[in-house]
Every structure is written in structure tokens, then in C-alpha cells.
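Given the coordinates of chain A, work out where chains B, C and D should sit on it, guided by the hints.
Protein chains in written order, with our numbering: chain A, 1 to 285; chain B, 1 to 285; chain C, 1 to 285; chain D, 1 to 285.
To be clear, the hints were calculated from the coordinates, so they are not data collected in a lab. Do not take every clue at face value.
Said to hold, decoys possible - Partial list, derived from the structure: chain C residues whose beta carbon lies under 8 Å from chain D:
no., residue
1, M174
2, Q175
3, A199
4, V239
5, T242
6, T281
7, I282
Unchecked claim - Cβ pair distances, simulated, as ranges:
no., chain 1, residue 1, chain 2, residue 2, range
8, C, M174, A, D127, 52 to 62 Å
9, D, D285, C, R212, 14 to 24 Å
10, A, G278, C, R140, 51 to 61 Å
11, C, R77, B, P71, 48 to 58 Å
12, A, K227, C, K227, 32 to 42 Å
13, B, P71, C, A226, 49 to 59 Å
14, C, P130, D, S279, 51 to 61 Å
15, A, I176, B, P71, 50 to 60 Å
16, B, E158, C, S28, 48 to 58 Å
17, C, D248, A, Q134, 41 to 51 Å
18, D, L228, C, S28, 53 to 63 Å
19, D, D2, B, N148, 37 to 47 Å
Everything numeric in this text was worked out from a predicted model, so none of it was measured. Even glycine gets a Cβ: it sits at the ideal position worked out from N, Cα and C.
Number of protein chains: 4
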Amino acid sequence: MDQPTAIILLSCPDARGIVASISNFIFSHNGNILHSAQYTAQPENILFMRIEWDLDGFEIPREEIKNAFTPLAEKFRMKWNLHFSDYIPKIAIFVSRHVYCFYDLIVRHQMGEFKVEIPLVISNHLDLKPVATQFGLNYRYYPITSENKAEQEEKEIEELKKHNIDLIILARYMQILSGKFVNEYPNHIINIHHSFLPAFAGGKPYNQAYNRGVKIIGATSHYVTAKLDDGPIITQDVVEITHRDSVDNMILKGNDLERTVLAKAIRLHLANKILVYGSKTIVFD
Amino acid sequence: MDQPTAIILLSCPDARGIVASISNFIFSHNGNILHSAQYTAQPENILFMRIEWDLDGFEIPREEIKNAFTPLAEKFRMKWNLHFSDYIPKIAIFVSRHVYCFYDLIVRHQMGEFKVEIPLVISNHLDLKPVATQFGLNYRYYPITSENKAEQEEKEIEELKKHNIDLIILARYMQILSGKFVNEYPNHIINIHHSFLPAFAGGKPYNQAYNRGVKIIGATSHYVTAKLDDGPIITQDVVEITHRDSVDNMILKGNDLERTVLAKAIRLHLANKILVYGSKTIVFD
Amino acid sequence: MDQPTAIILLSCPDARGIVASISNFIFSHNGNILHSAQYTAQPENILFMRIEWDLDGFEIPREEIKNAFTPLAEKFRMKWNLHFSDYIPKIAIFVSRHVYCFYDLIVRHQMGEFKVEIPLVISNHLDLKPVATQFGLNYRYYPITSENKAEQEEKEIEELKKHNIDLIILARYMQILSGKFVNEYPNHIINIHHSFLPAFAGGKPYNQAYNRGVKIIGATSHYVTAKLDDGPIITQDVVEITHRDSVDNMILKGNDLERTVLAKAIRLHLANKILVYGSKTIVFD
Amino acid sequence: MDQPTAIILLSCPDARGIVASISNFIFSHNGNILHSAQYTAQPENILFMRIEWDLDGFEIPREEIKNAFTPLAEKFRMKWNLHFSDYIPKIAIFVSRHVYCFYDLIVRHQMGEFKVEIPLVISNHLDLKPVATQFGLNYRYYPITSENKAEQEEKEIEELKKHNIDLIILARYMQILSGKFVNEYPNHIINIHHSFLPAFAGGKPYNQAYNRGVKIIGATSHYVTAKLDDGPIITQDVVEITHRDSVDNMILKGNDLERTVLAKAIRLHLANKILVYGSKTIVFD
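Pulled out of the complex, with its shape left as it was, chain A reads as follows (with noise of 0.2 Å):
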């Protein structure tokens, strides 16, 4: 577990070869395969493959690992990403009022849960200050009005770079991110989002799940689009609820299952088993 594998996340048009050119590559060099996972997408005959190999004994450094691979991923037209079990990504987590999410993030995090570092912790407001200065997280502060949006969102771009973060969380951040922000993170940038999406997307979830009188209620992490509650589902979760939950209850129901749903979407970001296509994920689990 704790010995650095190569992990590849391609995409490309289905072909005949693929999956012996690339074990080939690996074991050619001496490496071992020790999770190899491929799907394809039909009717768009579309493969999609996570193969993650040993570093330990491997023949090519590391460092040349990319460009030994490349002439292969152009043969096939691939999309593809090259990851190394042993990085340590650097997050970003965006908050507003509510504690909730945070806490179980900086907590999962203070018990070694999630490999990262947390350099950067934004928020629009100042409500979790205390908690942020409690785990000794770095808080920085952007109020966000109609007319400062633009100018404020390229100050916090300018202080993720800074920081070179791999992934932002919004962690019940209550600001919609413009196009151009969403642009900066394609696919790096994870929401969870109240509602079994697509139920219920937009504001005050629990409310329009309660006038609607559904039996369940549900939480969706997502990649963020420019589209509100529309980027591509990473995971999902339910939980029954009854006529006798008031919206209140909902909320603490809610609240639990958003908890996980989120850390789970994270753990398999982090670990590499996520793969973007159009408006949905591939999830190698």
C-alpha cells in the first residue's frame, strides 16, 4: 500500500491492441500491473482505461515515464493523465456560514484520512474564522458583492496559484463561480450539492423536497460546470425520510449524508479513479 505506483487515466476512440500495447509497455519495462480497469462507452465506441503499475523495480524514471509513454498515446489518440500515488495534492476548501462540511473535512483530514495539505481555506464571510484558526488552517477572507465579484474572483485565483492548488472543495460555499473562475479548475473543483441531483437543484433543497412530499432525500458531489447543479455526478447518496420530518429534521438527516457523500467523492479524486466524459464520470472503484 504505502510503495509509489504510476497510475494512467486515458480516454480514446476504441481500437483493436490497446489493452496489449499498454501491458506491454509496463511489463517491457519490468513494471507490475496491480489494478487494470477499462470500460467502453457505446454507442460512441469510446475506451476508457486506469492501469496503475508498481514504481519498484520499473525500468524508466519517473520523470521520463511521460514521454516514454507519449509516442504510444498518440499511435491511439488518447486523452490521458499520468499520476503518482506518492504526490501530495494541495486543496483549497471554500466555505461561507455553514460549519458543517468544514468540520468533517479539517477533521478527516486531522486523522489522516486525506494525503494532502490544506495551505488555503476561502470564505465570503468571516463566521468560520475561529474554526479555521482552531486547526491552525490559513483563512482568507473575500466578501463577494454584485458589483466586486469579477475583481474578487481573480484576486482568489491569483491566491490559489499562489499556492499552487491541485483541487478546490466547496464545502457548502453559497456563491456561484463564474464561467471564467470554472475555467481556471476544469474538472478540479468538487461541490456537494443537497438534493439526489436532479431533483431539487438550485436553492433551499430541503424546503422544495418537503412541499414536494418525497419519501427520500438524497446528496450529490459533482465537478463544477459553468451550469449550476449540472457538472458531471461523482457520487450519490439517499436516506428515507417520512411525513413526521420536518424541514428541520431533514436538514440533520441531510447533513450526515452530505458529509460522506462529499469525502467520498474526494477519496476517489485523490485517488486517481475518476474520469471525466461529457457531463457524466467514469468512477473506477
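For chains B, C and D alone, coordinates are given in the frame of chain A:
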């Protein structure tokens, strides 16, 4: 379990003394309360109640209970219904071409799971007539076109009345019932929709779910109202899917859900455990 | 929601007139019943009931309700308890080395989810003292050996009494409490066990589950009795696993379950919604 | 979906080059890999793999694939099986008196959900003969006593052999099969047990569950081994219950679970997606 009981389902503006008055009514006539449940909807302050008592030893003959209870009901301005547990309801099943829900219902009936009679199966197609015949059911064929719809519905209603139908089950019936038809059986037509409503209302929900890339799919049973897929929800359930699930696979998984969700709704209705309130149900399970 | 209420939890041999007598008691003193639920266990014919009413306008002062209700309780040979919704219970949390449940409880408390005081954290290890300190909690260290166990438990009980503890939470406390200890707090010690009991009682349930090759794992909260992992179950939940889940992965998934299952049990207890009957619980949710 | 494919299920000690060798074998004969999944059990370091490829265009005739693959299999010391997706397996269903699983299986078969033949239904009772007759199935009656058990099992085996049965389904068959019988069909007898094993093995699991006061009940499908309710688990599912659920209610809820859990296990087996390893299954879903 086999002893006959009386059940009152009621709703009224909440007020002091309702529970006391009702339980006194039963106790003062030597009735033994077996189940009693109440719920007060807020902020409307409306009381919903289900109370069930043993008819054995109860000093009011069952045909006089209605009259005896009426003064109390009027005092508290109740909407209410009286049911007897040994009444055998008459059910009509509406089907089109999908057989799985139809099979499920008649097999359950065959096994004695539903204490009902099924004097009538109505369809706009002939496809399932052999199955009805195999189980000795009366299958009536009413093909529907845009021209003859009103006329055919009238004939169906006539047939339903002739057989004293208490409850209509739409077991994947692929025609939208007119408002006129629905008003003949308010809160007495149960439909199964193959999505977790309000997500994916309308046609081809599994295709919609596939295209959206959700990670759970569901099924919803609800009372039919004039507005499509919008009636009060009775039961819902979901099942996890992954990117590997084709639409066909989703249908396979979903069909299993639909069957159990529909059967559960029917059981609740037959046990007189459901009160409808606006667009919602109160389910005293 | 914020108005103080009175709650009676009772059990007694079933008989005609119980519900009527109790609701009359409340109504005749101008009380407004907010919730009332009953259940009769068969074949024992024992009635369980929970009734909650508004103290506002109730004509018996709260300190006299107990006396006023006693004749009725004696008439029907009830076992019963009276609770007030605005009472703030005092909780002691027992921990060992696992931090995740402890963190979860104190974060929930911090967020106001539990309306309690936590005057005491007791542990047989020093590991979690820094976390207690971080949240300003009083951490008492009682190392346990086979020699000093009885003696240490006595000191713990003394400390619990000193702080008027109402409820003890074993948040992954890795010592078995003696029968003597348990008898001091019957049905007032809640444990979380990391399996769906009765499967995998005892030590290392995730390893047991891994070795057996089950496809679901679970968590169980229960009241502690003298017999290990055998007390009345309050709540359970499960999560699916596959052959790909290592024991470590199962622990990760399971820990999320344990937290929510334990929190739910505590909420139910604090809301006075649980009656214990033999080895079972009646949960009026 | 309808094109015939070849599937190899294999296990062997893990080693460098296995995936490369197998994918080369397929590619070098112009095969197109449709699905490939592998899993390495730790710490035993055993590789499990399922690989499926299109027979269309594959240059080795299907009757020669086995011989062609053997050298590779021997090199890596594989245990392996070759399957073809267009093979129609022959299934025998064993029943006793409970009809619900039997009905479910034959209705699914009727609807084309299982691509199998059912040449044989075997029972130790005559109760379900009319149902078999209704669906045109061959029903053989072998009453079992402690005296004639060995003898009757021999006759059953003879009958099974005569019909070239590939898979046996115990659809609530209430006799324990002898070790001798089981050894004739290792990992080819699927049972449904009405609890979440290992909880409540043996008789009357719903009564056991009721008495223990659990809050969830379950169902488990597993391959039959000589030891009762102890074989490798294929699928499990659970449903929530409350104190209000009588044993009869639990049976009603549980029967629904049993049907879907059993059907799912059969689907996985028929799709050649299950590898058995010791007391566990590897399910490549």
C-alpha cells in the same frame, strides 16, 4: 390479526381534546384500541390521525358506527373515513405492453399477499391477454387513439362502476388518464413511475438518467392526479448504478424496484394507512 | 419547537381505556397533545406508549405532574417515566484511542446538534487528551489493568455521580464494563459496535467480515448490558462492500457508518423516544 | 450485446507479464477485448481476472481456443475456465413448499430475463406441482426421509446428469444436501438464505431476528458447500424494520429481498462474472 377491526382515518384543524374525545368514544362503547397514531402538520396546524380498534366486544354494531361517530366528527370539523379490516376491496389493473408489474401483482394476489378481488384487467393493447387468461382474469381491451380517447375512457369508467372497483392500479399503463377520469377516483388510482420523482418525470426516465450520469436510480409510487407524474408520493426506493450500467441494465435493476415499490404502496393503501394532504401523503406505517 | 413539553414514556399490560384515560388526564387539565404513539407487543399483550404535550397552558405545575399522574399509573400498573423537553442532560463520553467517534460527537455538540452538557470525558488512555483540551473538555484518565479494574470503575462511578451524569456514551471505549458498573446506569449507556449485530460480535469485526467474505458491513448502536454486544439495539445501518475492499477500506467505510449510527441513537435517546423491553427497543421515531 | 463473445475467468499466483501475455494472446489473433478486470488478493498475492472478447473476427475457431490458450495457462499456473456468451445453460430448480421464489424465477424466465433452459424442477413435496404445470415445467417428486435420503439424492443426481444440468437453484428448498451431492456440483448450486449471513444461520431466521430485536433484516445468496449456510456469499441486501414489524411482516418484507437477491446472484453466475476463492467470491460486476 384475523379479528375484524374498525379503522378511522381523519384530518381536522388541531385543537385540545381531539385525542381524548375519540379515545373516549371508543372506550365508552367498550372498544379496545389496537393502534393509534397522530401527526400534526405545521405550520398549518392540521391534525392527522389513524385509529384502529377491535370490533369484538364493541357495543355499536358496525353499520351504526358511522352515524354514532358523526357528531364528534362535526364538532371538530373532521374529514374522515371509516373502514373495516375484513372488507375485500375490488381492484382493477390497467396494463399496456410491459408485463413485469402485471405478473408481479397477479402472482402476489395468487399467493394471498393482497386480500382483494381482481374482477377486471383493462388494457389499450392485446399483448398481455394471454397472461390474464393464464391466471383466469377478465381482460378488457380498449384501444386508445387521440380521437376515441374520451369515448373509450367513458366505457372504461362504466365497466369500473359495473364491477364496483375500489382501487385502480396502473401497472405500467402507457396512457395518460384525463382529468375527468381521475376525478372519478380521486386518491384511488395508484401509479408506478420508474424514477425517483421529481427527477426524470415524463417519458423514458432510464434514458434520461443514463444521459445525466446519475449514480442512483429509483422508482416512485403515487396517487394519480390530473398533472402527469405529480400526484402525492406514497413510496420510493432507489438502487445504486455505475457508469458500467447500460440503459438495459438500468431497466433490469429498476424493474425490480418498481415491483416492490408498487406492491408496498398497494399494501399501505389496502391497510388504510394513507391520508392524502394536498400534494403529500401521511403514511401511518 | 422551542416551547417546553412534557413527555411520558410508559409500558403496562394492555387493557381497555388506557389511551382514553391518559388523554383525558391531559385534556382535563387543559393540555394540548402534540404527539402520541402506541404499540402493543404480541403475544405478550403489553402496551408501550409515548405521549407528549405542551406545557404552555397546562394547569398542573410541572413539579406536581408526577404526583398527579401516579394514581392513573398505578391503576394500570405502568412502568413509566416523565421527561421535560427543556431539561439539559449531562453526558459523559468514554474513549480509548480511536478518535473518529469522539471528534464526531464533540463537533456535533459544538454545532448545537445535541442539547446537552459534556462535563466529563473518561479514558483508559492519554492519547485523546489533546483533542479534549482543544475543545475545552474535562478529560479524566483511568488506566485499567486486570488488577485495578474494579477499583478504577468505582472511581469512575464516583466521578460520574459527582457530575450528575445522565447518559454515558462509549465512543469506541475498548474496555468491557463490569456488570456492577452497568447496573449503575441501566439503559443509560450507549455503545457503538462496528458490525451489524448479531453478526461479528466481539473483537475485530471488520477482519471477521473480511474473512467471511460478506457483501455488506454494518454498525450497531445499543444499550450496554452485562453481556458483551448483546444489549437492546437502538439503530443499525449498513454499507455495501465488494471483494476489492481491503480491511482498511472497510474500516474507512465503516467508520462513517458508526458515526451516524451512534449520533442517531443519541438523538433518539435525548428526545425520549426509546423504551426498552427485554432485549429490544421500542423506538417512537 | 448480441454478438457472441468468449470469456476467460482465471486465478493464478500474481507475476509480472500476465496481463500483457493474455492481452497479446487475444490481440495477436485479431481479437477485440470488450471487458477486462483484474484483482489481486493480498497478502496471498493471487491474481483474479476476467477477460471478455469479441468472437467476431477472432482468428482461432471457438473449439480450438481452449487448446490454444493452454500453454499460457500452464506457464502461469492458472486455474481457468472458458465460456461463450451464447451458450444456453440448463438449470434445475429445487423447491419445497414456499412458492414465492419459484414463481419469481419462472416469471423472470418467462419474460426472457434469464437466457436459460429449465428442463427440470425437483421437489420433496407435491405442493408446487400445479405451478410447474401451469408454466409447462417438468416437475419431479422425490420425497425425503432420514432413511431414504442417500438413495433419493442418487436418483436426483442421475436425473440432473440425464438433463445435463449446469446450475442448480435452491429456491427455498428445505432439505440439507449431503456433502456427496454438493461435491457433484461444486460452486454450481446457488441457495437463498433469508438473513444477512452470518447472522441468523439455520432455521427460522425471521423469528431469530424478531427475538433479537434487530433493526434491519436481510437476505443472502451463496454457493452451497457441505457446511450449512456457510458457502461463499454472492449477493446480500437488507431492509429496515421497526419494532412494529411482526414476524409475518418481516417475512413479507424479507420475501421481496430474497427474490431480488437470488435473481441478482443468478444473473451474475450466468454472465460468468463470479470467481470463487476459498470461502469468498470475487464478483466482477
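Okay, which hints does this one fail, numbers in order? Numbers 1, 2, 4, 8, 11, 12, 14, 17, in rising order.
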